[in-house]
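Chemist: Using the sequences and the accompanying hints, generate a full structural model.
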Amino acid sequence: GQQLNQSPQSMFIQEGEDVSMNCTSSSIFNTWLWYKQDPGEGPVLLIALYKAGELTSNGRLTAQFGITRKDSFLNISASIPSDVGIYFCAGQYSGGGADGLTFGKGTHLIIQP
Amino acid sequence: DGGITQSPKYLFRKEGQNVTLSCEQNLNHDAMYWYRQDPGQGLRLIYYSQIVNDFQKGDIAEGYSVSREKKESFPLTVTSAQKNPTAFYLCASSIKRRLTNEKLFFGSGTQLSVL
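These protein sequence lines map, in sequence, to chains A and B.
Heads up: the first sequence is residues 1 to 113, going by the working numbering.
Heads up: the second sequence is residues 114 to 228, going by the working numbering.
Honestly, the hints are just simulated from the structure, not real lab data.
Just so it is clear, CB atoms sit at the ideal spot from N, CA and C, and this is done for glycine as well.
Incorrect hints may have been included.
What the hints assert, rightly or not - These stretches of chain A come out as covered by chain B in the derived footprint (C-beta under 8 Å, 3 or more residues):
hint, segment
1, 27–41
2, 51–58
Said to hold, decoys possible - Each pair of labels, with its calculated beta carbon distance range:
hint, chain 1, residue 1, chain 2, residue 2, range
3, A, Val44, B, Asn141, 14 to 24 Å
4, A, Ile80, B, Ser226, 43 to 53 Å
5, A, Gln14, B, Lys196, 35 to 45 Å
Modeler: Printed below as a string of structure tokens:
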């Protein structure tokens, strides 16, 4: 099956710092999705990417679909306390539909006061 | 408000007992999914359904069963055959079946624990 490697596994940062995380795949994907999950809740979709090289922003969040189609990046600028949570990437291969989504293991973001 | 409702939020299972997790959506989505989440792990697909009265096994279907009698509802039963059921269970839906570039929308989850 598809393999997704998400890194880092966890991040300890100061409020106001910028954050970067990424996902790499052993296979080509044609869609990348980024989700955020708060403790005890379901993941919420942040950004969807559909085209190699695409750069999309959602407020302080920016995500990019890698040119090789095997990776994606998420950046958060000027982090605030409510950014705390687990961020998941998900990749979808061609023709796979939503049942063809593969999830990374998540990046746990912790903000120190 | 449109959304996906999972219940209960917390559920306890005794040895040898079957338990059923509820998932209802009023988004008029065709496809529905069940995922299992273990600490520090990604989401793993248990079952999915693309249309009423039809469903398919995901990557870890053993010990679980589902039904899809109505478009809005996709209950998951954790059977006694599932020897390690403690996990956070997430239900999700998407607009259309088998369409590339689909987005998943999730419910708020059910935490299942074994007594």
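Chemist: Does each hint fit the structure? Answer for all of them.
Modeler: Verification of the supplied hints:
With a cut-off of 8 Å between beta carbons, the segment 27–41 of chain A has 6 residues touching chain B; three or more are needed, and the interface restraint holds. Beta-carbon proximity to chain B at under 8 Å applies to 0 residues in the segment 51–58 of chain A; the threshold of 3 is not reached and the given coverage is violated. The given range of 14 to 24 Å is respected by Val44(A) and Asn141(B), whose C-beta atoms sit roughly 20 Å from each other. The supplied range of 43 to 53 Å is broken by Ile80(A) and Ser226(B), whose beta-carbon atoms lie about 33 Å from each other.
Checked against the given bound of 35 to 45 Å, the beta carbons of Gln14(A) and Lys196(B), roughly 43 Å apart, stay inside it.
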